[in-house]
Amino acid sequence: MKQALEQALEQALVKLLRDHPDAPVPPVVLMRPKEKGHGDYAANVAMPLARLLKQSPQQIAGAILDVVVWPDAVEAADIAGPGFINIRLKKASEANVLKTIIEQGEAYGRVVAGEQATKVNIEFVSANPTGPMHVGHGRGAVVGDALASLLLATGNHVQREYYINDAGAQIGVLANSVWLRIQELNGEQVEFPEGAYPGEYIVQIAGEVLAAHDYQTLLAMDDDARLSLIGQLAIDANMVMIRNDLDAIGIHFDHFFSEQSLHASGRVDALIKRLQTEGVVYRGTLPPPKGKETTDYQPVEHLLFRTTDFGDDVDRPLAKQDGTPTYFAADIAYHYDKHLRGFDRMIDIWGADHGGYVTRVQAAMKALIQREAQPDVLLVQMVNLTRDGLPVKMSKRAGTFVTLREVVDEVGRDAVRFNFMTRRVESQLDFDLESAKKQNDENPVYYVQYAHARIAAILRKAESEGVVVGDVDDVDLSELTTHEEQRLISHLLAYPDALIKAADRLEAYRVATYVMRLAADFHSFYHKHRVVTEDANLSMARMVLIRAVAQVIANALGILGVSAPDRM
RNA sequence: GCGUCUGUAGCUCAACCGGAUAGAGCAACGGCCUUCUAAGCCGUAGGUUGCAGGUUCGAUUCCUGCCAGGCGCACCA
Numbered sequence: 048m049k050q051a052l053e054q055a056l057e058q059a060l061v062k063l064l065r066d067h068p069d070a071p072v073p074p075v076v077l078m079r080p081k082e083k084g085h086g087d088y089a090a091n092v093a094m095p096l097a098r099l100l101k102q103s104p105q106q107i108a109g110a111i112l113d114v115v116v117w118p119d120a121v122e123a124a125d126i127a128g129p130g131f132i133n134i135r136l137k138k139a140s141e142a143n144v145l146k147t148i149i150e151q152g153e154a155y156g157r158v159v160a161g162e163q164a165t166k167v168n169i170e171f172v173s174a175n176p177t178g179p180m181h182v183g184h185g186r187g188a189v190v191g192d193a194l195a196s197l198l199l200a201t202g203n204h205v206q207r208e209y210y211i212n213d214a215g216a217q218i219g220v221l222a223n224s225v226w227l228r229i230q231e232l233n234g235e236q237v238e239f240p241e242g243a244y245p246g247e248y249i250v251q252i253a254g255e256v257l258a259a260h261d262y263q264t265l266l267a268m269d270d271d272a273r274l275s276l277i278g279q280l281a282i283d284a285n286m287v288m289i290r291n292d293l294d295a296i297g298i299h300f301d302h303f304f305s306e307q308s309l310h311a312s313g314r315v316d317a318l319i320k321r322l323q324t325e326g327v328v329y330r331g332t333l334p335p336p337k338g339k340e341t342t343d344y345q346p347v348e349h350l351l352f353r354t355t356d357f358g359d360d361v362d363r364p365l366a367k368q369d370g371t372p373t374y375f376a377a378d379i380a381y382h383y384d385k386h387l388r389g390f391d392r393m394i395d396i397w398g399a400d401h402g403g404y405v406t407r408v409q410a411a412m413k414a415l416i417q418r419e420a421q422p423d424v425l426l427v428q429m430v431n432l433t434r435d436g437l438p439v440k441m442s443k444r445a446g447t448f449v450t451l452r453e454v455v456d457e458v459g460r461d462a463v464r465f466n467f468m469t470r471r472v473e474s475q476l477d478f479d480l481e482s483a484k485k486q487n488d489e490n491p492v493y494y495v496q497y498a499h500a501r502i503a504a505i506l507r508k509a510e511s512e513g514v515v516v517g518d519v520d521d522v523d524l525s526e527l528t529t530h531e532e533q534r535l536i537s538h539l540l541a542y543p544d545a546l547i548k549a550a551d552r553l554e555a556y557r558v559a560t561y562v563m564r565l566a567a568d569f570h571s572f573y574h575k576h577r578v579v580t581e582d583a584n585l586s587m588a589r590m591v592l593i594r595a596v597a598q599v600i601a602n603a604l605g606i607l608g609v610s611a612p613d614r615m
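So the working numbering is basically just the index in the first sequence, starting at one, shifted up by 47.
In short, the hints are calculated from the structure, not lab data. Worth double-checking, as some hints may not be accurate.
Said to hold, decoys possible - As a list, the in silico DSS-like pairs of lysine-lysine whose alpha-carbon atoms are at most 25 Å apart:
| id | residue 1 | residue 2 |
| --- | --- | --- |
| 1 | 137 | 81 |
| 2 | 508 | 575 |
| 3 | 49 | 137 |
| 4 | 138 | 49 |
| 5 | 49 | 62 |
| 6 | 337 | 367 |
| 7 | 49 | 83 |
| 8 | 146 | 508 |
| 9 | 49 | 146 |
| 10 | 138 | 83 |
| 11 | 83 | 575 |
| 12 | 146 | 83 |
| 13 | 440 | 485 |
| 14 | 413 | 367 |
| 15 | 166 | 413 |
| 16 | 137 | 166 |
All chains should be modelled from the sequences, with the hints used to inform the complete structure.
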């Protein structure tokens, strides 16, 4: 509907601007006014034209209305305020959306991806396989998963991907930490060095390793072989744990991608060679870092990627002092690999602590594949975990940090997911364990779910009294005349547009704010009007209305990965 | 110091890629359960949108400069 109106206005503008061939036709963007008196849609096109045409916005709006050809559903259009065109739709045509919703069910608001649809790869979580996920990972996980669902619902092919950082120095630390615990389990006196992973899960992994491999055999191995074996077992064990925890919050990936496999298959080396042939690599020395204690700075010659040619501040090393590739080198190869796998679009969801990394990856991709398939990077800001308003003390070193799993087990999956979705990713998020557990107004998830459960209760009640809607087409929706009913209808009508807008901007949290408002409108309706009444026609119409509301609540919550219960 | 994100009611956040009178929840105060779920609803009060300029018919939104906070700043990932 929105698009039909925009088209009508655009055609009117084209006619109107014939006398001004050099004047650009301004884009028509319709709004849904918050004020009901301002109609169902409003257009502001007349105002930007005022200066150009040297007429008042009101005059221009009048001229537009003289030539415009509206779709049938338009009841009236008039000029208001400083030059807005307010459009009012015929009531019946708006209410028809209820039938559409009930007919389409879960499909309402969704666009099915066709052959030509964009292939999107969305990479998120990617927590290192060195330990359990913390709450910050959880936010990224929930945001990424919801965004993936949203893009899927708006007509894209979507692959959810997890990049396993199973290479590099950290894996050595992990292997060593486990080995120390193995020795300890065998009665050795061991010293834990600074930087070793302290968590209890390391002891568990040590136990698992011992169950599969004899201690004497391990001792007899040479150091490299032993650490490599233990490292792989530890990575596997941690990934099992991570997958379990993701499962507990309802997140499933289509693809796990191993960094190690990039190195092993020679793709990292090949990538570096390719960059060399393109002449963007040189040997050089970097200046000392700014703003940090630089006492240990030693000028070192590196293999450097000239990212400054592509918008970066300094050139970035592709190889470490010992000649092995940096994480950055592997990451370029990884993103390039996504491109080769045929994705039209890639989205990375990273923690805010990786903010400084965005430019160099984008610079690298610019060098490799020019304009196409540049990664969109969403930086998810920190989560401040509190309990009753007091910060929860966390120390990774002491191993006392709160894991995502603990939080999910304590407050529940729906509450965690919904709370993480109620803010823009750019905002830091305060997450209070006690508030999230409370089943009251402090907790928006129950507010929305409650609306759904309430509707289910009403429908049960109606059924028990023998009030049942047979064929939706037989119901007279013109019974729905009250302010509250009209609000609900227009809100339901806006759902597909809300999804599209959220998807365009990669802002899945909008789905959460949408559904909170829909629930508010429903609660408001509920208290003012009864569904099951003496008047059979009215009851039927209202049942159709609330069934549609429940459907859209369920659809929206589905995108967020939150359940829509029938009873609470 | 540089980069980046944030700054809106006492608190936590919205505000539809620049639109009409800046809105919700919590906290405060006052109402509403013999009728479909009170995990709810209605009302009152609460604002110099961090500060100062600029662009615009119009700025919470865009630009510049300050102030405050988070994150990051070679050879880790």
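Legend entry - Hints the structure fails to honour: Checked against the structure, the only hint that fails is number 16, while the rest are satisfied.
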